[in-house]
Amino acid sequence: MHLNAIEAHNLTKNYQVYLKPFDRLKEAVLRKPCHDLVEALSDVSFEVPEGGTLGIIGENGAGKSTLLKILAGTARPTSGRMVKRGRIAALLELGSGFHPEFSGRQNIYLNAALLGLKEKEIRDREEAIIAFSELEHAIDRPVKTYSSGMYVRLAFSIATSVDPQILIIDEALSVGDQRFQQKCVDRMMNFRKANKTLIICTHSMYMINELCSRTLWLKNGRLCGYGKTSSVVSSYLTYLEEDVPGSVNTPSAPAESHMPDILIGEVHLLDEENKSMTHIHQFQTLVVQVKTRRVGPPIKGHLAVGFGFSDDVQVFETTTKMSGMDPIIFSGEQTIELVIPSIPILGGNYRIRVRVGDEHAMREIDRMTHGPFVIESDHPEIGMMWMPHSWKTP
Amino acid sequence: MYIFPLIKRWFEIPIHHKTLFWGFVRNEIKGRFAGSMGGFLWSLLTPLANLLIYVFVFSIIFKIRMKPMETGTDSFVVYFLTGLLPWTAFSEALSSATDTLLSRANLITKVAFPLEILPLSGVIVPFLLNGLGFGMFLAYLMFKGYFHMAWMWLPLVVITHMVFTLGMVCLIGSLSVFLRDIKQFIGTALSLWFFLTPIIYPLSMVPEKLQWVIKINPMYPFIELYHQVLLHHFISFTMLAYAIVLTLCCFVGSVIFFERSKYAFADVL
Numbered sequence: 523m524h525l526n527a528i529e530a531h532n533l534t535k536n537y538q539v540y541l542k543p544f545d546r547l548k549e550a551v552l553r554k555p556c557h558d559l560v561e562a563l564s565d566v567s568f569e570v571p572e573g574g575t576l577g578i579i580g581e582n583g584a585g586k587s588t589l590l591k592i593l594a595g596t597a598r599p600t601s602g603r604m605v606k607r608g609r610i611a612a613l614l615e616l617g618s619g620f621h622p623e624f625s626g627r628q629n630i631y632l633n634a635a636l637l638g639l640k641e642k643e644i645r646d647r648e649e650a651i652i653a654f655s656e657l658e659h660a661i662d663r664p665v666k667t668y669s670s671g672m673y674v675r676l677a678f679s680i681a682t683s684v685d686p687q688i689l690i691i692d693e694a695l696s697v698g699d700q701r702f703q704q705k706c707v708d709r710m711m712n713f714r715k716a717n718k719t720l721i722i723c724t725h726s727m728y729m730i731n732e733l734c735s736r737t738l739w740l741k742n743g744r745l746c747g748y749g750k751t752s753s754v755v756s757s758y759l760t761y762l763e764e765d766v767p768g769s770v771n772t773p774s775a776p777a778e779s780h781m782p783d784i785l786i787g788e789v790h791l792l793d794e795e796n797k798s799m800t801h802i803h804q805f806q807t808l809v810v811q812v813k814t815r816r817v818g819p820p821i822k823g824h825l826a827v828g829f830g831f832s833d834d835v836q837v838f839e840t841t842t843k844m845s846g847m848d849p850i851i852f853s854g855e856q857t858i859e860l861v862i863p864s865i866p867i868l869g870g871n872y873r874i875r876v877r878v879g880d881e882h883a884m885r886e887i888d889r890m891t892h893g894p895f896v897i898e899s900d901h902p903e904i905g906m907m908w909m910p911h912s913w914k915t916p
Numbered sequence: 003m004y005i006f007p008l009i010k011r012w013f014e015i016p017i018h019h020k021t022l023f024w025g026f027v028r029n030e031i032k033g034r035f036a037g038s039m040g041g042f043l044w045s046l047l048t049p050l051a052n053l054l055i056y057v058f059v060f061s062i063i064f065k066i067r068m069k070p071m072e073t074g075t076d077s078f079v080v081y082f083l084t085g086l087l088p089w090t091a092f093s094e095a096l097s098s099a100t101d102t103l104l105s106r107a108n109l110i111t112k113v114a115f116p117l118e119i120l121p122l123s124g125v126i127v128p129f130l131l132n133g134l135g136f137g138m139f140l141a142y143l144m145f146k147g148y149f150h151m152a153w154m155w156l157p158l159v160v161i162t163h164m165v166f167t168l169g170m171v172c173l174i175g176s177l178s179v180f181l182r183d184i185k186q187f188i189g190t191a192l193s194l195w196f197f198l199t200p201i202i203y204p205l206s207m208v209p210e211k212l213q214w215v216i217k218i219n220p221m222y223p224f225i226e227l228y229h230q231v232l233l234h235h236f237i238s239f240t241m242l243a244y245a246i247v248l249t250l251c252c253f254v255g256s257v258i259f260f261e262r263s264k265y266a267f268a269d270v271l
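So the protein lines, in turn, are chains V and A.
Numbering of the first sequence is given in our numbering, commencing with residue 523 and proceeding in unit increments.
Numbering of the second sequence is given in our numbering, commencing with residue 3 and proceeding in unit increments.
Hint data in this document are derived by calculation from the structure and do not stem from the laboratory.
For glycine and all other residues, C-beta sits at the position ideal for the given N, C-alpha and C.
Be aware that a few hints might be false.
[Stated by the list, open to error] Selected chain V positions facing chain A (Cβ under 8 Å, derived; list incomplete):
hint, residue
1, Arg546
2, Ala594
3, Gly595
4, Ala597
5, Arg598
6, Ala612
7, Ser618
8, Glu623
9, Tyr631
10, Lys640
11, Ile644
12, Val810
[What the hints assert, rightly or not] In silico BS3-like links for lysine-lysine, alpha-carbon gap of 25 Å or less:
hint, chain 1, residue 1, chain 2, residue 2
13, V, Lys548, A, Lys185
14, A, Lys32, A, Lys185
15, V, Lys554, A, Lys264
[To be verified] Where chain V lies over chain A, by a calculated footprint (3+ residues, C-beta under 8 Å):
hint, stretch
16, 11 to 21
17, 25 to 33
18, 130 to 144
19, 264 to 270
Turn these sequences into a full structure, and let the hints guide you.
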């Protein structure tokens, strides 16, 4: 039988907001309510089985942070009950216990102790923490001399080396360079493999898709969706798109779908020799390899691959339909490749958005954002594309 | 009763969370002298400067004379230091108490750890720093021939004094989360309190009619105990009992208050 690592029953959190500090005193003395009640979280129930992964999504102010604080144990719910099994390490804010005057090494001791480790345990892990953070050269310098990236690396290394049964992470990985981000994701994957419980709160749907089996969507403090990640994320994205007035966005994903008819499994960036790349040179050959999976009878559809800064700003997008091809027949596991012989995009960080649609390329069935990845350019020009050009001067 | 496990918890925390506790203590000490070249020396220089001022004003200008029958010494400096050093530890702990929780708002709202550590380290630090000066003072007293078997009461007096301070720190600390005014108030209150405690003068110099004002002062028994044990070489058990009862009331009351309010800290901060 599987025990639940976390069970939350009807969690509600109210904050009393006092306009003036004097009101608080007035209320205490006169016993007359002088505050506004703000409901940050209301009636939220869910459970995470041992070894499960839960993503928490929602707009700003939806109550995500409040829920995480309750999970981490720094705040108490106004009503409702929570059961936790196992040591919890929470990264609500990276490096919140750091003392700027102390060296990185001394901060390892203090921070790990804050997370509940004993002196001996810390000593055993010290080397591993330093190695993971890649701060060997700077570990004995005061952390006030660290860059924000170094700060984050150290904090993440400490928090994950505590080896908790339950790890709670809040938007922690939005900082740090991409290579380190990848390392963090890998470490969290290992976490999952080791049957540890993981709770992630992020705005990156990519990370949620990648790491979480179930997802919880909060809206105005209430549970708006809870279940399989793919379905919750797609209805959340639909909601976001509908919510933006006058949005000229691509066709939206259907809200009712649970498991997409066609699933985009993995996206890889390869060079002409089929080697995987993270750094791409301008004008190099780029192969975007997409792996798809279709469970059930074969179905016709089209594939779209777009390059962009984010989901909103597209540099270029093409579909198999635009290229005048017949619909692809999806069946089982397949690999589709888009070959770009010479990529004219100027240097910068980009993402690739892969979408699969129906045979008319009207309805979106599944999507995945890959990246960010870096394009390196030797050209100093500004913009998104390098255009062939020449000057004629008087 | 639920009060006993509560109190036990306070004394167990420095042992169970040894690394964290000493980490905080180190933090505090290092933070205090961060960037200053004198560093540790300042914790000796500041009371020394105070000493010089008071000796100049009271011993040289006002010409206060000690009556050895009442004070156990004829030296104003010795009498004054006996009271000043314990008082400084107390007043430093109290004046930084308003910040023990407030300045760590970020930590309290983001990391779950035993909050009791904060007032605990807030008391240990001033006692350690002033303990250094106190140790040197004791050595001086020994050299001058003040040593006596009655000194064996000293550890008990110091511990009672510390627990009393802890109670006050924990009360002031948690109150100031809700009432920020305490921070402004505490400085004034402490300087008043200093002059109402027999540190720069012996109780006998106070007009008899007004002595009750001094005697209701909760710091009075502690300072008197230091005077008695170190200089007078005896201990008044009524005074000791009074100090212990006072300490227990203050500590237990504060601990209950802290326990009740600690879950609200993260909401208010």
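- prompt: Which numbered hints are broken by the structure, listed smallest first?
  reply: 12, 18
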